[in-house]
Amino acid sequence: MEDRSILNRNLAQMLKGGVIMDVTTPEQAKIAQEAGACAVMALERIPADIRAAGGVSRMSDPAMIRGIQDAVSIPVMAKCRIGHIAEARILEAIEIDFIDESEVLSPADDIYHIDKTRFSVPFVCGARDLGEALRRIEEGASMIRTKGEPGTGDVVQAVRHMRKIQAQIRQVRGLAEDELFEKAKELGVPVSQLRIVHETGRLPVVNFAAGGVATPADAALMMMLGAEGVFVGSGIFKSGNPSKRAAAIVQAVTNWQDAKLIARISENLGEAMVGINENEIQTIMEERGI
Amino acid sequence: MRVGVLAIQGAFIEHERAFERAGHIVSEIRQSKDLEASLDMLVFPGGESTVQRKLLHDLHMTEPIWQRIDAGIGVYATCAGLILLANEVDGKPNELGRLSVLVQRNAYGRQLGSFQIHGSILGHQDIVMTFIRAPRILSAGQNVEILSTFDGYPTAVHQGNITAFAYHPELNGEIYL
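The listed protein sequences correspond, in order, to chains A and B. Take 13 as the starting number for the first sequence in the working numbering and just add one per residue. Take 2 as the starting number for the second sequence in the working numbering and just add one per residue.
No wet-lab data here; the hints were simulated from the structure. Mixed in with the good hints, there may be bad ones.
Calculated cross-link-like contacts (lysine to any residue; reagent style SDA-like; alpha-carbon spacing at most 20 Å) [said to hold, decoys possible]:
#1 A/Lys176 with A/Ser132
#2 A/Lys42 with A/Ala105
#3 A/Lys42 with B/Glu37
#4 A/Lys42 with B/Asp91
#5 A/Lys256 with B/Asp59
#6 A/Lys256 with A/Ala229
#7 A/Lys42 with B/Lys34
#8 B/Lys34 with A/Lys256
#9 A/Lys272 with B/Glu37
For the chain B half of the interface with chain A, some residues (derived, Cβ under 10 Å), not all of them [as the list claims (entries may be wrong)]:
#10 Ile9
#11 Arg22
#12 Ala23
#13 Thr63
#14 Pro65
#15 Arg134
#16 Gln143
#17 Glu146
#18 Leu148
#19 Ser149
#20 Asp152
Where a beta carbon is used, it is the ideal one built from N, C-alpha and C, also for glycine.
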């Protein structure tokens, strides 16, 4: 098991500097791959539509996921509900490359997350702060992403989570060794995980931004704040020209330091997703699974 | 050596650290203007080859980089980098190919097929070799020197100014130069 957890963290390292795109059909998956996605997230409905439809949302049909696996050569991810061990086992059985134990779907368990150390495939989990991130890593997550507020096209939560995690990491870095025990208690995390953050100044796994990224500038902003890559959900296929917008976001993640280049690639992308502001929504997904 | 690491997508920071630890001066290549620096070696890191190929094209970097390769600059390529430089990939000729090898992408399957072995290369024994959704070198031309093998297939090769790996030396901090 120990070996697989290293291999799984290694796969996340290969995704760095890349964009992971939500897709609902093999055709969208191909568009995403051609536009430069480093992986795709296969799901039946993108978060904006999940939000609009309401009701319980669950793991996607395995046949639909297989269709996407057959359509592309890049890694394919899929979501299971928080705590839904059986959905996760099904995704592992169809050899998914990464499972997202995701707050975007309706939680199956309102107390426990999946014990991800018992799986051979890697998991990515959302986190709003350092405590959530380290708890998920202790449970076996090989990659962390901000939770954002999926399907809104509003980047404010992703920014809030990324800033908070980075600020907490800087704070932990500055603590004395003997202050780590109290800090671990305060954050609700094992001191062993906190010690890694204290020594290295970073999370023990790769950390991506997710939630509300809709433009190349949004993607560049998240990279400036310390993200190692970006998930784009509704922002691409809810926009006017998905292929062009996707390619522009990919370039913005690579060259986030070059504002001139981002200005050029941001031209004439067509309409961005309309979006909803955080205070206009009723279902707050980021509060699921803490 | 002055080493330029292609830093457009993938595990480029791991390569930068490994080369720095070995005492080399490292710079990042994110745009074609970064190639104006004087360099002795170019590094193609692991990542997703489709993304890297697309970004090299969109950022107008393919031509200047391949000019440097053809002019003889040292090249160090892992995984996705091997795929970018192989003469034939999944049965199709690769016009950017500069290595006489036939490569099969994702040859060991999806992430569940990723694995680690201990092997030897260039006189180094018991080296950890990590294969992540790795390509397989199905065959290599006569002018290609085979540096390591696994399961009967080459896993590291050398030809002229190019050294390429199917696995990830950088993940274990090794570059054996």
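- What hint numbers does the structure not satisfy? 1, 2, 3, 7, 8, 11, 12, 13, 14, 16, 17, 18, 19 and 20
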